[in-house]
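Asks: Given only the sequences and the hints, what does the whole structure look like? Please build it.
So the sequences go chain by chain: A and B. The opening position of the first sequence corresponds to residue 1 in our numbering, with each subsequent residue numbered one higher. The opening position of the second sequence corresponds to residue 1 in our numbering, with each subsequent residue numbered one higher.
In case anyone wonders, no lab produced these hints; they're calculated from the structure. None of the values given here were measured: they were computed from a predicted structure. Even glycine gets a Cβ: it sits at the ideal position worked out from N, Cα and C. One thing to keep in mind: the hints can contain errors.
To be verified - Derived list of chain A stretches under chain B, where covered just means 3 residues or more per stretch with a C-beta under 8 Å from a C-beta of chain B: (1) 20-31; (2) 71-83; (3) 99-108; (4) 229-236; (5) 362-375; (6) 388-402; (7) 485-496.
Said to hold, decoys possible - Computed spacing ranges between beta-carbons, pair by pair: (8) B:A156 / A:A536: 33 to 41 Å; (9) A:D282 / B:D154: 49 to 57 Å; (10) B:R134 / A:E533: 18 to 26 Å.
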Amino acid sequence: MSTSATPGRVDPILMEIIAHAFVAVAEEMSITVWRTSRSTTVRELLDYSTAVFDGEGRNVAQAARMPVHLNSMELCLQEIIAHHLPLEAWQDGDVIVTNDPYCGGQHLPDFIAFKPVYVEGRRIAITCTLIHHVDVGGGAAGGYNAHAVEIFQEGFRLPPVKIVRAGAMQDDLLATILQNVRDPETFRGDFLSQIAALEMGARGLRGLAARYGIDQLIAVGAALLDHSERAMRAAIRALPDGVYHAEDFVDGDGLDPGQKRIAVTLTIKGDEIAVDLAGTADQARGPINATMATTKSAVYYATIAAAGVAALANSGCYRPITVAAPEGSLVNARFPAPVSMRMLTGHRIATAVLKAFAAAVPERIPASYYGVTFNHAINILHEDGRRQVYFDYSIGGWGAHPEVDGPSGFAAGFHNGQNTPIEMVEAIFPLRFTRYGFVPDSGGAGRTRGGLGLERSFEFLAERGLFNGSFDAFVSRPYGLAGGSPGKGGRLSVTRGATTTELPAKTIGHELRMGDIVSMITPGGGGFGPPAERPADRLAADKIDGLVTATGLAEYSGAGVNGGEP
Amino acid sequence: MAHSASLAPASPAAGSGFRLAIDIGGTFTDLECVNLATGESVSFKTATTPDDFSIGFMNAVTGAAERFGFALGDIRLLMHGTTIATNAVLTRNLPEGALITTAGFEDVLEIGRHARKDVYSLKPESRSVLVPRRRRFGVVERMGAKGEVVRQLDPASLDAITRAVATSGVGVVAIALLNAYLNPAHEIAIRDHLRAKLPTLRISCSHEVSPEIREFERTSTTVLNAMLMPVVQTYIMKLKARMASAGLEAPLYLVQSNGGATTPEAAAIAPVKLLLSGPSGGVLAAERLAHALGLDRIVGVDMGGTSYDVALIQNGRRAVIAQGEVDGLPLRVPMVEMRTIGAGGGSIASVDATGRLKVGPESAGAKPGPVCYRRGGTAPTTTDANVILGRLGAEGFMRGAFPLDAEAARTALDEKVATPLGLTVEAAAEGILGVVTAKLAGAIKLSLFERGLDPRDFALMSFGGAGGLHAVEVADELGMLTVIFPRNPSTFSAHGILQSDIAHDLARTRITPLNADAAGTINTLRADMAATGRALLAADKLPPEAVSLHFSADLRYRGQAFELMMPLDDGPLDAAGIATLIEAFHRQHFERFSFDDRRESVEMVTLRLMGIGALGGIGSHAMAAAPGAPTPDFRQVYLGGRWRDVPVFQQDTLTVASPVIGPAIIEQDYTTLLLTEGWTLTLAASGDMMARKIGDAA
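Replies: Here's what the structure looks like:
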């Protein structure tokens, strides 16, 4: 390469080359986790993320995966640096790990690990992996304790600690963690994979430093953040200035069934955006609370998506965005509020912010997607005393886009990920599925139709099990836009013999016996535009494909009314 | 090596006459023909006939026979690479089909794995669903996770779906039931019932196409197979009819995605295995050339106008993967491993609104093409940067038949890239090429990384029109010390097909803890698979001495989802052999992923066999040596930040005795090579060229 950096200005060619190299490092870390992890949560659902930070802890590159993780990792790292382990205390060969929502994390199953990368004694970068672990002890398998009123009931809490010191794994600390979780072998396998990936990333970064020089690498990292900031500001400038209000709702908190309001005031002014969540419900007694890491992450996701920025995703994108959330509210909970189901609130923060954007740029924003992660875990107790923890989740339909129908049963919004193949679940756990498919008439009616929700139902085949569900949007249905109807809500039921029992969205320890059938129905997405404007050929096709039934026809053609607002 | 197995006269490859390879591409149908008595090979090109590819096929054969003076009766063997299946998928020119699933799981095909690719987009990406919901029919039945029958196939339900299929009027049906990979009884029963009731229906069953766990991938592959059946069967029928009426009786073999050849009869029922038939020709050629040059670790790269394909040769063999993707559709059949990125000669360079330089993946394609092609292109491309810097000769391009407009390229690149970035045209052009080099190197690095391999252990082999100008710089970037340029890159793929062997892939999934007890299980399984493999090859009329069997085992730590493929030695395993295998696995896991876990148990998931039926090596034919030392022309080339006078050689004047020292440029008929400073290039007796980094002792 003949070109070289001139003072005060980064060579644009090197910048492009190194930008790709940073992303490639994050991808290599991602491949390592994917290929070496043990749980279906990580290797099939892909519930993990990887990223690269500069030496000061600013996020420069991400492997595209889970928006909820990616946009919170920097907050966690900065919290650790500021309040727990200052960077001066970090050394070559260390790995720092935490799962504490009150140290910058989100909820206890997510363990976030960081590794500083040193070259010639200088800290040139930090690598990061975040993995959702299958179990963290506490009152419910999988960590979703619907009846928790404080975080101590949700599981094992690890403050930011050095699990590896100067290259030496702290075996006593690892043993302590493993002693506190329900499936230590799976935890250990996933944890080792998470730590190994940090080193794979570090190797890549050391190679980049050798190739381009430490100073160049650091200068390019800083320039990439500035570039993303400029791109974000340019995109915001293109949005109409104004103050926009919106709200969305979360079903009850597990103890109190009343809906909780999330209120958004979005201010677009010049090249900056402010999101104020004042007016949001007070923090809940049950576990649906969000800490600022979740809240900011949701606002960042929604804003980047709404602004339509085609830049390299990194923390430069966050600079023009300010987030205010009242302390002690649902979206900025105080210690020791329980937070295991924070994702339910996180989704609705994102949908509320998107709804506010719909007032500014209606041609760009779809109706609400399903707005929930249908997380569930079963503590399986076999006759011979063996124990297994099955963790899985389901998703629903996209909201209708102004131009196209929402896809059915497709990951949307604040999270992303794969399903676990039915055959894989059945090969490992004592379950047999009875249905996995679309729920007819569940998409919101409109000129464009919302995507359909999914039914995922199985028969339980072990002696005894305890079912925990972290669900939502049973009552608070995904909103329609511009005259479109909301999507249908979710449902959970268990059938034993001839009796079907409806269960609440937040369910803990529901006892399963051999032969019980658990049925989960996820919400459809909202519709867009008046249903009466639905083209006849589209309606006819939906009817032939069984997406709309004879009963639903009136509603989808605009002749009937969709049953009730939330 | 399998390829050197001797041949008996009874085999399809006799010792005299001619063997032909026909490779049908988008524009040209390439034919490569070898005289089995002399080893001499010649090539022939004719236009592809998209309305009926079999016409082009016969045109090529009869044209070559006339040109080179042999009778059709002298042809001993026809090897055929075809993109017929690929084209049908890319254009979605597929027949309407139906899908039969276990009742309650009709939507598995559409749900897929349900993750989206662009995480921030609010407009949904389109999902390619080959069978609409109205033609996905559920049948009441259920197999359990151990292959046990949980619910018998319901006769009333079977009658109902039979009527539904008949009413829908489709000609093809895919059957994919849950857990059918463990017990195919219900799939077979449904197939037999449908055959009896609807005899013209073409049917494909998941337990035959892809007998492995994970229902979506198996279903998707089976659906694709069913839909390709009429496409490929019609083609084969036409082709055979044309061959028969021309009196061409030589046996015909089709090249599959795994690089091995198969009979038309086998291809007709498993057409999905032909989807990577086209690209696998180049990989085969790379494999054979590596073998001829005595190299066993090669990265083969094919750079064209819009894309860059990366394939691997390891231990002398092409890397084959068990699952891939074609145009967004998952496909689970063995195929040559190939990573494709959008970087080619036509990749467009631009500066975005925030001042960042971008190169590709947008491409100017063949039309309008690069600015310098004078076909109306206005966006500067990789090729334009090469012309501006003198790497690509404007006058001598295609031997002077197609002069390039360097001035127009310069103006466009100045306006669109150099001025916005505040750089000179030369610095901007060199910068663009630097970005391209980094992208190409990145693709290679990621391909190797996924297998835990180090580029420095590999040689680079560059084929395809646009690669020669970049290969040495890419090798430098990756620390690779050797770059190989084949003699005749434009017919390289056909040349590879010519040398294809028959290959049968067999796999048996038996999740088994790898301990001393496992030896017996593996040995039994292996004996059974060996018998099956030998029988299949005997059915292909191959004598035992032409047959070789290669076993490998997919190993993982208990609970992992992915395995490492470990080759097995010949002969039965004993306890010591198991211990050696486990140790090798730990080591490879450590090398690839920076850790091993000796506390954890290792398990075998799948035992694999590749049965090779050698159709006979083809002796390479030495080139006639050019007399004397070559005398180059000189031209101004911008290299390393300055203009320099660089020698330009014509490939056909190079001699074995006179190596070329970089910097230098070597021009071939269809491509140009750049040798940078610090590299030398030597000509092999075969006419292939090998560039080495100076100081490389290897």
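Asks: Look at each hint and say if it fits the structure.
Replies: Now for the hints, and whether the structure bears them out:
no.	hint	result
1	20-31	holds (count 6)
2	71-83	violated (count 0)
3	99-108	violated (count 0)
4	229-236	holds (count 3)
5	362-375	holds (count 3)
6	388-402	holds (count 3)
7	485-496	violated (count 0)
8	B:A156 / A:A536: 33 to 41 Å	holds (35 Å)
9	A:D282 / B:D154: 49 to 57 Å	holds (55 Å)
10	B:R134 / A:E533: 18 to 26 Å	holds (24 Å)
The earlier numbered hints that this structure contradicts are 2, 3, 7.
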